[in-house]
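*Asks:* If you want the building blocks of each chain, they are given just below.
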Amino acid sequence: QKEVEQNSGPLSVPEGAIASLNCTYSDRVSQSFFWYRQYSGKSPELIMSIYSNGDKEDGRFTAQLNKASQYVSLLIRDSQPSDSATYLCAVIDSGYALNFGKGTSLLVTP
Amino acid sequence: EPEVTQTPSHQVTQMGQEVILRCVPISNHLYFYWYRQILGQKVEFLVSFYNNEISEKSEIFDDQFSVERPDGSNFTLKIRSTKLEDSAMYFCASSEDTSTDTQYFGPGTRLTVL
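Protein chains in written order, with my numbering: chain A, 1 to 110; chain B, 1 to 114.
Just so you know, the hints here were simulated from the structure itself, not pulled from any lab data.
These numbers were taken from a predicted model, which means no experiment stands behind them.
Check the hints yourself; a few may be wrong.
As the list claims (entries may be wrong) - Taking lysine-lysine and the DSBU-like style, the derived pairs with C-alpha atoms no more than 30 angstroms apart in a straight line are:
id, chain 1, residue 1, chain 2, residue 2
1, A, Lys-2, A, Lys-102
2, B, Lys-83, B, Lys-57
3, A, Lys-102, A, Lys-56
4, B, Lys-78, B, Lys-57
5, B, Lys-42, B, Lys-83
6, B, Lys-57, A, Lys-102
7, A, Lys-67, B, Lys-42
8, B, Lys-42, B, Lys-78
9, B, Lys-83, A, Lys-42
10, A, Lys-67, B, Lys-83
11, A, Lys-2, A, Lys-42
12, B, Lys-78, A, Lys-42
13, A, Lys-56, A, Lys-67
14, A, Lys-42, A, Lys-56
15, B, Lys-57, A, Lys-2
16, B, Lys-42, B, Lys-57
17, B, Lys-42, A, Lys-42
18, A, Lys-102, A, Lys-42
19, B, Lys-42, A, Lys-2
20, A, Lys-102, A, Lys-67
21, A, Lys-102, B, Lys-42
22, B, Lys-83, A, Lys-102
23, A, Lys-102, B, Lys-78
24, A, Lys-56, B, Lys-78
25, B, Lys-57, A, Lys-42
26, B, Lys-83, A, Lys-2
27, B, Lys-57, A, Lys-67
28, A, Lys-2, A, Lys-56
29, A, Lys-67, A, Lys-2
Using the sequences provided together with the hints, build the complete structure.
*Replies:* Written as structure tokens, this is what we have:
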């Protein structure tokens, strides 16, 4: 079973701080990586995709991918209380299926 | 902005009954997917569908499950004889092009099997 591992949290950060979320994956051939946000009782909402080693920035979000270390992370700058949610790391190992981690719960405190 | 829609939002059924969950993918998308999420657990892949046939399925997607694209817009998931353990959120997703393309999720159907 190909694994996508995330710390379940909760990760608590004060408003305005940087939140750092981490994910490791087991399949070396994985090529596509995604971060989704999920509010309680809602569906996963795409934040970012990343396919190449390095950083990718979109507004307050930065995804970082290191394929040699099989590691992908998400940084959220200037965290807001509305960012409080569960963040899901997902990987396409091969084929079509998204393989999700269990998610990290983020709490941004005012 | 185009979005994936799903109906119903909540379905309650008796064990052993058949249910059909419906999805309308984003109109220019070619790949369609079903996922489920049991309460408190991770999102799990069920099946992907392309060009009117299943392209990939998981071990969860056994003979009790089937998918269909009955017309040009709808995509359905049928569970033939529901079990208590089928209770979950079921999410439909679609992507525009290749299998590595971003998948956009619908709001989900909460299935409760009594």
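*Asks:* I'd like to know which numbered hints this structure contradicts. Please list them from smallest to largest.
*Replies:* 10 and 24
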